[in-house]
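Peer 1: For reference, the chains in residue letters:
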Amino acid sequence: MGTMSVVGKTLALDADGHLANRADWNEDLAREIAAQEGIPLLTPQHWAVINYMRTIFEKEGDAPSIRRLTKESGVDTKTLYQLFPKGPAKRASKIAGLPKPKGCI
Amino acid sequence: MAQATADLPIGKVSGVTETAPQPIQRVSIVVSHGSLEGVYPGLIMANGARMEGIEVSLFFTFFGMDAIISKRMDHLKVATVGNPGMHMPTLLGALPGMSAFATSMMKKEMEKIDIPPVGEFLTMIHDAGGEVYACRASVDMFHLKREDFCAEVDGIISVGQFYEKAAGGQIIFT
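Those protein sequences? They're chains A and B, same order as listed. Following this note's numbering, the numbering of the first sequence begins with 346 at its first residue and continues without gaps. Following this note's numbering, the numbering of the second sequence begins with 98 at its first residue and continues without gaps.
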């Protein structure tokens with residue numbers, strides 16, 4: 346699998362290009378990944394989504410569905426797609442340092 | 098011609114350089130059936146496309162239009178007759194209440210895996226940037242008006258307009 350380099354460190358990535366080890370994740374790294382994904386600035390709303398996804402993953406072992414995310418994180422569908430224009434499933438989970446969500450919804 | 102390609106490995110075409118497959122950019126999904134199991138696959142694929150950042154338009158035609166008719170969208174039923182996938186004898190499937198029973202069972206299972214009711218699902222897809230269209234010919238055939246449809250419908254369009262909107266993308270017929 347691939348790797349990414351940030352400030353002198355080489356981090357392992359999984360087959361989808363997401364962080365392979367969740368322990369490598371921190372907020373600065375999230376900003377770095379976001380910039381690479383074309384999101385130059387993470388706003389409080391981005392963080393609401395990222396932190397909510399991380400909380401659910403911690404508890405349940407998979408990222409929440411988009412439907413649940415929009416119901417429980419306080420960010421509605423339209424806003425979610427504005428925050429992560431190239432697809433919330435892939436982008437948000439990648440920035441959050443999580444594997445690609447397994448669910449279809 | 099057969100002579101020239103005979104020594105190429107199976108599946109390889111002479112003169113074509115291999116490139117990595119390009120990600121899908123745009124899909125247009127046609128929904129033509131009005132049963133619950135006829136409508137959901139198209140909606141799930143449309144929503145899944147948006148989740149991946151793929152542009153999507155949904156085109157509802159014939160009985161598939163029931164999914165965007167306000168009065169009907171949340172009352173679609175599973176077909177228990179003429180549906181071999183139900184593994185149920187036709188006469189049993191035809192008993193009163195059987196379709197309603199199968200429908201409520203399926204809706205319960207769908208709710209468990211977070212699949213929303215049709216109306217909510219369409220709002221979700223539309224809010225996600227998906228476009229929703231009704232088929233002009235079907236609308237005329239069934240004598241329907243714009244006000245019969247839910248707010249998410251972006252327009253009533255002809256087949257020609259559908260193809261224009263589908264330009265450069267993939268078309269999926271369900």
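Just so you know, the hints here were simulated from the structure itself, not pulled from any lab data. For clarity, every value in this text was computed on a predicted model and none was experimentally measured. Just so it is clear, CB atoms sit at the ideal spot from N, CA and C, and this is done for glycine as well. Worth double-checking, as some hints may not be accurate.
As the list claims (entries may be wrong) - For lysine-lysine, the following DSSO-like pairs were computed, each having C-alpha atoms within a straight-line distance of at most 27 Å:
no.: 1; chain 1: B; residue 1: 174; chain 2: A; residue 2: 404
no.: 2; chain 1: B; residue 1: 174; chain 2: B; residue 2: 204
no.: 3; chain 1: B; residue 1: 209; chain 2: A; residue 2: 416
no.: 4; chain 1: A; residue 1: 416; chain 2: B; residue 2: 242
no.: 5; chain 1: B; residue 1: 209; chain 2: B; residue 2: 242
no.: 6; chain 1: A; residue 1: 404; chain 2: B; residue 2: 242
no.: 7; chain 1: B; residue 1: 168; chain 2: B; residue 2: 242
To be verified - Listed below are several chain A residues computed to face chain B (Cβ distance under 7 Å; list not exhaustive):
no.: 8; residue: 416
no.: 9; residue: 418
no.: 10; residue: 432
Peer 1: If a hint holds in the structure, say so; if it does not, say that too.
Peer 2: Okay, the hints, checked on the actual structure:
The hinted pair formed by residue 174 of chain B and residue 404 of chain A fails the criterion: a straight-line CA distance of about 36 Å is larger than 27 Å. Restraint check for residue 174 of chain B and residue 204 of chain B: satisfied, since their Cα atoms lie roughly 10 Å apart, inside the 27 Å limit. Proposed proximity of residue 209 of chain B and residue 416 of chain A is supported: the alpha carbons are some 15 Å apart, at most 27 Å. Distance check on the hinted pair: residue 416 of chain A and residue 242 of chain B sit about 33 Å apart at the alpha-carbon level, beyond 27 Å; violated.
For the proposed pair residue 209 of chain B and residue 242 of chain B, the alpha carbon gap of about 35 Å is over 27 Å, so the pair is violated. Note on residue 404 of chain A and residue 242 of chain B: the hinted pairing is violated, with a Cα-Cα distance of about 48 Å set against a maximum of 27 Å. Taken as a hint, the residue 168 of chain B and residue 242 of chain B pair is honoured in the structure, with Cα atoms around 13 Å apart against an allowance of 27 Å. The restraint placing residue 416 of chain A at the interface with chain B is violated, with a minimum CB-CB distance near 10 Å, outside the 7 Å limit.
Taking 7 Å as the C-beta cut-off, the interface hint given for residue 418 of chain A is violated, the closest approach to chain B being about 14 Å. Here the hint on residue 432 of chain A is kept, as its CB sits about 3 Å from the closest CB of chain B, short of 7 Å.
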